[in-house]
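Participant: Chain residues, written in single-letter form:
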Amino acid sequence: MAFISSGYNPDKPMENRITDIGPRNYEEFYPPIIKKNKGKWLYHEILEPGVLVHVAESGDEVYTVRVGGARLMSVSLIQEICEIADKHCDGYVRWTTRNNIEFMVDSKDKVEPLKKDLSGRKFDAGSFKFPIGGTGAGVTNIVHTQGWLHCHTPATDASGPVKATMDVLFDDFQNMRLPAQLRVSLACCLNMCGAVHCSDIAILGYHRKPPMLDHEYLDKMCEIPLAVAACPTAAIRPTKVELPDGKKVNSVAVKNERCMFCGNCYTMCPAMPLADKEGDGIVIMVGGKVSNRISEPKFSKVAVAFLPNEAPRWPQTTSVIKKITEAYANGARKYERLGDWAERISWERFFEVCELEFTHHLIDDFRDPAYYTWRHSTQFKF
Amino acid sequence: MKLKHETPMLDELESGPWPSFVSDIKDEAAKRAKNEKNVEYQIPTDVCDDLLGILELSFKHGRTHWKHGGIVGVFGYGGGVIGRYCDQPQNFPGVAHFHTMRVSQPGGKYYNTDFLKQLCDLWDLRGSGVTNMHGSTGDIILLGTTTPQLEEIFYELTHNMNQDLGGSGSNLRTPADCLGQSRCEYACYDTQHLCYTLTQEYQDELHRPAFPYKFKFKFDGCPNGCVASIARSDMSFIGTWRDDIRIDQEAVQAYIGGEIAPNGGAHAGRDWGPFDIQKEVIDLCPTECMWMDGKELKIDNKECVRCMHCIDAMPRALRIGQDTGLSILVGAKAPILDGAQMGTMLVPFIKAEEPYDEIKEVIESIWDWWMEEGKNRERLGELMKRQGLQRMLEMTNQKPDPRMVKEPRHNPYIFWKEEEVEGGFERDVNEFRKHHQR
Chain A
636 MAFISSGYNP DKPMENRITD IGPRNYEEFY PPIIKKNKGK WLYHEILEPG
686 VLVHVAESGD EVYTVRVGGA RLMSVSLIQE ICEIADKHCD GYVRWTTRNN
736 IEFMVDSKDK VEPLKKDLSG RKFDAGSFKF PIGGTGAGVT NIVHTQGWLH
786 CHTPATDASG PVKATMDVLF DDFQNMRLPA QLRVSLACCL NMCGAVHCSD
836 IAILGYHRKP PMLDHEYLDK MCEIPLAVAA CPTAAIRPTK VELPDGKKVN
886 SVAVKNERCM FCGNCYTMCP AMPLADKEGD GIVIMVGGKV SNRISEPKFS
936 KVAVAFLPNE APRWPQTTSV IKKITEAYAN GARKYERLGD WAERISWERF
986 FEVCELEFTH HLIDDFRDPA YYTWRHSTQF KF
Chain B
7 MKLKHETPML DELESGPWPS FVSDIKDEAA KRAKNEKNVE YQIPTDVCDD
57 LLGILELSFK HGRTHWKHGG IVGVFGYGGG VIGRYCDQPQ NFPGVAHFHT
107 MRVSQPGGKY YNTDFLKQLC DLWDLRGSGV TNMHGSTGDI ILLGTTTPQL
157 EEIFYELTHN MNQDLGGSGS NLRTPADCLG QSRCEYACYD TQHLCYTLTQ
207 EYQDELHRPA FPYKFKFKFD GCPNGCVASI ARSDMSFIGT WRDDIRIDQE
257 AVQAYIGGEI APNGGAHAGR DWGPFDIQKE VIDLCPTECM WMDGKELKID
307 NKECVRCMHC IDAMPRALRI GQDTGLSILV GAKAPILDGA QMGTMLVPFI
357 KAEEPYDEIK EVIESIWDWW MEEGKNRERL GELMKRQGLQ RMLEMTNQKP
407 DPRMVKEPRH NPYIFWKEEE VEGGFERDVN EFRKHHQR
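If you read the sequences in order, they're chains A and B. Our numbering puts the first residue of the first sequence at 636, with every later residue one more than the last. Our numbering puts the first residue of the second sequence at 7, with every later residue one more than the last.
Think of the hints as simulated: they come from the structure by calculation, not from any bench. Here the structure is a predicted model, which means the values were calculated and not measured. Hints should not be assumed to be uniformly reliable.
Claimed, not checked - Interface residues of chain A toward chain B, partial, derived using beta-carbon atoms under 10 Å:
| # | residue |
| --- | --- |
| 1 | 694 |
| 2 | 702 |
| 3 | 859 |
| 4 | 961 |
| 5 | 989 |
| 6 | 992 |
| 7 | 995 |
Stated by the list, open to error - Straight-line C-alpha distance at most 20 Å; calculated DMTMM-like pairs for lysine to aspartate or glutamate:
| # | chain 1 | residue 1 | chain 2 | residue 2 |
| --- | --- | --- | --- | --- |
| 8 | A | 757 | B | 20 |
| 9 | A | 958 | A | 990 |
| 10 | A | 647 | B | 157 |
| 11 | B | 40 | A | 990 |
Unchecked claim - Listed next, the stretches of chain B that the computed footprint assigns to chain A, with coverage defined by at least 3 CB atoms under 8 Å from CB atoms of chain A:
| # | stretch |
| --- | --- |
| 12 | 41-50 |
| 13 | 58-68 |
| 14 | 204-211 |
| 15 | 267-281 |
| 16 | 363-373 |
| 17 | 390-399 |
| 18 | 425-433 |
From the three backbone atoms N, C-alpha and C, an ideal C-beta is built for every residue, glycine too.
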């Protein structure tokens, strides 16, 4: 392949350089009906799962067809999205915060042809390219991180477990039978690029073995003081180590019993890897939310301390998620989010109806916040 | 078409209804191998093959095969590019260098297809052809290219597409918004306009690392919080109002009479029985500030905490107030290191009006404090925990207000300052001893 220059001159990097221009102005990308009615919308309705209408003061109506998708997306697939948007939507399209794609049309008669086009497109192996759904009291797309596909610190994959989970929850993506929306999120380590800690169901990758120490290279690859300072529990101290050949090197020692497996040391020091096939796996957290509706936003709580990484389809993880979803669907009241339901029926009852074992791992012992999670009353259920 | 590597485990992710990323990348690999359009691919043609190959290996090993990022980037910027190398370059040379570029997304994630096609052509030519639409922070993520292509891509983005990179590292990260007033009747301010204005104002902070750690702005138009700002941004701007909810009594009756489905029809998948305004709206109001007076719905707006439930449940009957603005909450973050933190109320109400000077004052006073006192890799929320909310108020000139706390403190260990105590701290112990023997 021949190198093709963009026009950039490496000898004079500042020549004609354009910087600090930011993103394109959103105004350029509004469909005309959106631009015209911005700030003047009256109400919306979900006509069927995945199809919304928004009605403006002017009487204008914009119809939206929402489809799910893997957030990992090839340029060919984006080009196909463009082709659909050109054909039906005058060349406009948008994405939602939760990786859904929204196609908008300005009259009702354009909805059916658009829907037909979208639901007819499949990959050769059979999965939908653009499943319609993700609205109202159901499951919408999973927000997630990179996982084994691109990240250096994950304790699980992201796209794999997400695909497996969405296959299991697919009916609820295309239906609205749940008491309220159920937000599922995945973060492949507790750095949580995806910030899943306020989700109805969070799938979190976690390590369970302390770091290995690559003594021979540690001082060459890392700043030892930074590695020591990175540890939130002060489990790491500097030390001198004698290598098998008798050479003495500067390195670190780890008090394993103090390790909480956060991986922050590895972030700072590549000579302290902790990823491990048996050690790594998934924590299931439940009952968080970000909305202020009825109750205040709340954190997700750990419901299952560990499930193994069972590539390629994570069957234990998906079956636990399905079990929790069904128990919630059966037990919660209309409008009640998963966390509100669990608090109303009590957590002891939650574990019972979800058929989950309560183990010592689920009792918080991390610093001050732990105390506030213990029971300080005689009120409990038998 | 036969691919370069066998991927028996990944193949199992091609079945089932949900869109398969494996099928998508396989198609992309096949497209590059065939190259019907005769593209002069600027990075290895088999990059997608090797991406699948190394992912299959991770599925087998239960561990990632990516190394820590190296220092790569574009000249003059300290963010926007994340260096990435694989630890099996001999077996997977196509992804030996596989750097990420973050491209600042437009507000509300609206696009026209001209822009997207141009971006696709650029990334097809100079990158892997694999993206994330979008990354967790909100950027368009271009996943995987080589070092020599970084400047070329940046040049084409800025010169041909009028488009910049986003943030990474100890920078202001690319701000993100909900779609707001563009298509939502609940939005209390123009999230897109504020997000864009601040993004442009703080381009230097976004591209050149000068902070102790990352810093995120997110803009939610109302307390429903669709962009989750309260959970994941150092500064969360959430729309609110301080006057009365607007009531259309006729529409209320239409809900009661079953002519309009509650909650915009969100519960249509199950028969929940006829709509009961008492049970479904009035009794669920967290402050019990609603009641029916004959055929009229009444709201004691002074008691309302604007949770949105009644408006969400009856969007055609109830509308947000008209004296709108936003609340600023600060310090949210994911668990690492000292546990997750939710945003803390700093400014209960501020008008969101151009040129947003008051909002900028709050932002800049926070940055001054954090850049002075924050330790390396200490998020704002951690600094707040370490030095206290009082210190935060002092540094941002905010008047203490009970709206900032859930309840008053549980202990009397108040750090009184000398100037707050009559007569000061200096006393004469000999004078004291005249009345109190040793």
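Participant: A separate judgement is required for each hint: does it hold in the structure or not?
Facilitator: Comparing the hints with the structure gives:
1. 694: Violated: closest Cβ of chain B sits about 14 Å from residue 694 (chain A), beyond 10 Å.
2. 702: Since chain B brings a Cβ to about 9 Å from residue 702 (chain A), closer than 10 Å, the hint holds.
3. 859: Violated, because the Cβ-Cβ distance from residue 859 (chain A) to chain B comes to roughly 15 Å (cut-off 10 Å).
4. 961: 13 Å, violated
5. 989: Nearest chain B Cβ about 20 Å off; hint violated.
6. 992: 23 Å, violated
7. 995: 19 Å, violated
8. A:757 with B:20: 11 Å, holds
9. A:958 with A:990: 8 Å, holds
10. A:647 with B:157: Holds - the C-alpha atoms of residue 157 (chain B) and residue 647 (chain A) are around 12 Å apart, at most 20 Å.
11. B:40 with A:990: 51 Å, violated
12. 41-50: As far as the stretch 41-50 of chain B goes, the hint holds, because 3 residues have Cβ atoms under 8 Å from chain A.
13. 58-68: Coverage by chain A holds for the stretch 58-68 of chain B (6 residues, Cβ < 8 Å).
14. 204-211: holds (count 4)
15. 267-281: holds (count 10)
16. 363-373: With 0 residues in contact (Cβ-Cβ under 8 Å with chain A), the coverage given for the stretch 363-373 of chain B is violated.
17. 390-399: violated (count 0)
18. 425-433: violated (count 0)
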